[in-house]
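Construct the entire structure; sequences and hints are all you get.
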Amino acid sequence: MKPATAHEPLSHAPGARRAFGAHRAVLAVVPLLLPESEIRLPGLCQKLEELFGMTTRVHAGGFDPSSALDPSRGQYNSRALLEMLLHEARPEAARVLGVGGIDLFVPVLSYVFGEAELDGRVAVVSTHRLEPERYGLPPDPQLSAARLLKEATHELGHTFGLVHCREPDCVMHSSTYVEEIDLKLARFCPRCDFRRRAPAKGR
Amino acid sequence: MESVSILIVDDEFSVRDSLTHWFKKDGHAVDAAENATQALHLLQERPHDIVFLDIKMPGMDGMELQERIHAIDPGIVIIVLTAFASVDTAVRAMKQGAFDYVTKPVDPDELSHLVERATRQQHLERENARLRETIDGLGGVELIVGTSPGMQRVFELIQMVARTDATVLIRGESGTGKELVARSIHASSTRRYFPIVPVNCGALPETLLESELFGHEKGAFTGAQFRRKGKLEMADGGTLFLDEIGTISLKMQVDLLRVLETKEFCRLGGSRPIKVDFRVVCATNEDLQVRVKEGTFREDLFYRINVFTLDVPPLRERSSDIPALAMHFVTKLAQQMDKRVTEISPAAMEKLRNHHWPGNVRELANAIERAMVVGKPPRIQPQDLPFLAPLVSDLPGQALADVERNHIAAVLNQTGWNIKAAARVLEIDRATLYNKIAKYHLRETRNGS
Ligand SMILES: [Zn+2]
Ligand SMILES: [Zn+2]
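Sequences listed follow chains A and B, in order.
Under the working numbering, the residue at position 155 of the first sequence is numbered 155, and the numbers go up by one with no gaps.
Add 203 to the 1-based position in the second sequence for the working numbering, that's all there is to it.
Derived by calculation from the structure, the hints in this document are not laboratory data.
Remember, predicted model here, so these are calculated numbers, not experimental data.
Ideal Cβ placement from N, Cα and C applies to all residues, glycine included.
Away from chain B, derived, C-beta distances all over 10 angstroms, residues of chain A:
| hint | residue |
| --- | --- |
| 1 | G53 |
| 2 | F63 |
| 3 | R90 |
| 4 | E131 |
| 5 | R134 |
| 6 | Q142 |
| 7 | A145 |
| 8 | L185 |
| 9 | R197 |
| 10 | A198 |
Okay, the calculated bits of chain B under chain A, using three or more residues with CB under 8 angstroms as the criterion:
| hint | region |
| --- | --- |
| 11 | 209-221 |
| 12 | 226-239 |
| 13 | 306-316 |
With beta-carbon atoms standing in for the labels, derived distance ranges:
| hint | chain 1 | residue 1 | chain 2 | residue 2 | range |
| --- | --- | --- | --- | --- | --- |
| 14 | B | E467 | A | P91 | 45 to 51 angstroms |
| 15 | B | D310 | A | S67 | 24 to 30 angstroms |
| 16 | A | D64 | B | D276 | 47 to 53 angstroms |
Laid out in structure tokens, this is it:
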């Protein structure tokens, strides 16, 4: 795999915190076989910046997930992907988030929407099973984008040490099918939010 | 969902890894083992609520491990992991008490619900078990009966020492129940998932005791046709209980001391050292310190085993426990002998209370058994205990309490159990009368017995 060299800052959203941009932690966003026409990535990054107070950098070096592909299942092993993403990421990135359009699994489970290293640095999510068209429904880009944001936030929440939350509308509520994702909001409940900020995880 | 403790047993790394991460994100405590031995060790280290068990593993297979786990703690929920091809085995596992099975790869939704269902069921079972325990005492271990201060102290010490891995020396006259104490220590310790292996050192001649403890290789001596595993090996992971430790020969004392110090030994006729890890509990009815002074018990061995001493009082020093103990044996033996004996008459109980019991609890158990053989159901009478000569002349019912009880009973019977009337006759208030009725277990009976 080629080492990543090109990084470009993303949107330049206005705001007071922007002044401290240089000091904000970096969230590296790595696209994994996202369709060329994928336009929701900038929107996702902006929302994540607001939620986590981090600066997102979209990885532009290209990333080939094919060695995580399990040919017998036709799915990508998300635990292997996490390893690869960590390897690929620049050391200054406090968090690394892979965003893919590929079908993810972990060996013992039939599928996952995403995966993260609990209390770690790396997470991965995929739009693959979030699209209404996968379930025989008409496309709904807005719904897909909302689901992707929730799952990305959820998996990143795990990297901050958060475990699943009982609050049904908290983003850390566990969702094993898409309709459950729609029931929760793209925000942490006060308790999860407190836990996310409280411990000094100086990364 | 409530946070539970989960153990994953699977020889495949990717299964252990992915399940561990999955459950950790649900906020559960997760351990993983790649084989049965590791699993049993983890179960020994801390309690687990749910065990995910791969049914097909090299070494001890999942079915056998399932049996071991359930034999020790039937409360653990076992969920069988299976490849699609071995669903038959999984069904067999369920017949043996597994909670459910899942086929790999598992649907995440199914997995979440399964754990939730298992947790709920376990709550119910734990609740029931708690209720049972208040009746039965220490789970699988036979109940030690006693509410006397002496026995309360013993219970406290058992709980205190069980949490440590210290060597325990149990002292007490014969028949006081030292083995029960040893079993309680083991059952309350973290080693409870491994066996407690008792060795009665006094019951075997020296050469036999040697091979009993150390085992032997094939051909170690004439007649040793096959290899034999000794008690030291069998106690690996668990507790070795050496009863009547004072009776072993000086030569055996040397050998034993070496094992206790190095936790290593060779089978008789063998040369390969075997490592063992067990806790040692010894028992004696002798004063070992006197034996050390006499030179018949090694001082170094004495100090090695005399780390934590637990004295079991003789029965005569806890005579307040006699009624409960006697009733315990009546209930137990009635079931074993299929005899409908359900009570002990007050006079017979008085006789039991006043006996000196040189043979302690064991003698009491024997006395009850004899009385139940000769006596007529449903109650044991004084004449069923002819072999118990009272030490003091006993005129039953002459204690102040007995007089009070009889008087109250008489007044109640006169007034036809009219509480208000009886209280007025006795010149006490009704609350006091109710208390006395409860205290003396008085009951209204038609035939006035
Ligand atoms: Zn999650
Ligand atoms: Zn929450």
